[in-house]
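Engineer: In order, the protein sequence lines correspond to chains A and B. Just so we're aligned, residue 2 is where the first sequence starts under the numbering used here, counting upward by one. Just so we're aligned, residue 51 is where the second sequence starts under the numbering used here, counting upward by one.
Simulated from the structure, these hints should not be mistaken for laboratory data. Nothing here was measured: the structure is a model prediction, and the numbers come from that model. Each residue gets a CB set at the ideal place from its N, CA and C atoms; glycine is no exception. Some hints here could point you the wrong way.
[What the hints assert, rightly or not] List of simulated lysine to aspartate or glutamate pairs, EDC-like, C-alpha gap at most 20 Å:
1. B:LYS95 / A:GLU58
2. A:LYS44 / B:ASP155
3. A:LYS77 / A:GLU58
4. A:LYS66 / B:ASP51
5. B:LYS95 / B:ASP78
6. A:LYS59 / B:GLU131
7. B:LYS92 / B:ASP78
8. B:LYS157 / A:GLU2
9. B:LYS92 / A:GLU58
10. B:LYS95 / A:ASP55
[Said to hold, decoys possible] Stretches of chain B that chain A covers, calculated by requiring three or more beta carbons in the stretch to come under 8 Å of a beta carbon on chain A:
11. 62-75
12. 120-133
[What the hints assert, rightly or not] Calculated Cβ distances over 10 Å to all of chain A for the following chain B residues:
13. GLN53
14. THR55
15. SER57
16. LEU104
17. GLN105
18. PRO109
19. ARG111
20. SER113
21. GLY116
22. VAL154
23. ASP155
24. ILE156
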Amino acid sequence: EVYLVESGGGLVQPGGSLRLSCAASGFTFSDYWMSWVRQAPGKGLECVANINRDGSEKYYVDSVKGRFTISRDNAKNSLSLQVNSLRAEDTALYYCARGGYRRFDSWGQGALVTVSS
Amino acid sequence: DIQMTQSPSSLSASVGDRVTITCQASQDIRNCLNWYQQQPGKAPKLLIYDASDLQTGVPSRFSGSGSGTHFSFTISSLQSEDIATYYCQQCHNYPLTFGGGTKVDIK
């Protein structure tokens, strides 16, 4: 069974930084694209970043370009999202999702990031 | 970016009813369209991929159709456990984008 477990969320002041992590198990991590998808409270889904299988291709939604960095460690079956220069509008539940080349076929339970002073 | 427009934004239907949701893309996305179900308090779940292919383990009452810019998603006989918000998502171009969601509840 596929398991994706996010960690690293929390309360941060505007302008601050966090590093989100996703521990993957139950599948061959290096065979899959991976992504981060966020959901603001009471709102819809937004894909913020995707990374290909070896980390050589990365895509970001315009609103996070230059502030967020997606990375992966295939030896550790781990996905990360470094989030810098946080804004109130970045407040959301951040999901780690398997896929991102075409579809997201497995999801974690999410890590909550709250940006507030 | 490709904009995805879902309608309606919400609906109420009775158990056993046929429910249809539509999704329109701002440009031709061929068949690169997926549908997700998000039950209250849970992570999304993939139901349909490539417009009409049923994800493994998903009940056959769920189906999808369409190509180009117009797509539809149907629940043939609504069940109480289908209470959820449903999202379409295009996979034709980056950034991958979602529709605004359709909240389905029981009348």
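Engineer: With reference to the structure, classify each hint as holding or not holding.
Structural biologist: Hint check results:
| no. | hint | result |
| --- | --- | --- |
| 1 | B:LYS95 / A:GLU58 | violated, 25 Å |
| 2 | A:LYS44 / B:ASP155 | holds, 17 Å |
| 3 | A:LYS77 / A:GLU58 | holds, 19 Å |
| 4 | A:LYS66 / B:ASP51 | holds, 14 Å |
| 5 | B:LYS95 / B:ASP78 | violated, 25 Å |
| 6 | A:LYS59 / B:GLU131 | violated, 37 Å |
| 7 | B:LYS92 / B:ASP78 | violated, 31 Å |
| 8 | B:LYS157 / A:GLU2 | violated, 35 Å |
| 9 | B:LYS92 / A:GLU58 | violated, 29 Å |
| 10 | B:LYS95 / A:ASP55 | violated, 25 Å |
| 11 | 62-75 | violated (count 0) |
| 12 | 120-133 | violated (count 0) |
| 13 | GLN53 | holds, 13 Å |
| 14 | THR55 | holds, 12 Å |
| 15 | SER57 | holds, 14 Å |
| 16 | LEU104 | holds, 13 Å |
| 17 | GLN105 | violated, 7 Å |
| 18 | PRO109 | holds, 17 Å |
| 19 | ARG111 | holds, 20 Å |
| 20 | SER113 | holds, 16 Å |
| 21 | GLY116 | holds, 16 Å |
| 22 | VAL154 | holds, 15 Å |
| 23 | ASP155 | holds, 16 Å |
| 24 | ILE156 | holds, 21 Å |
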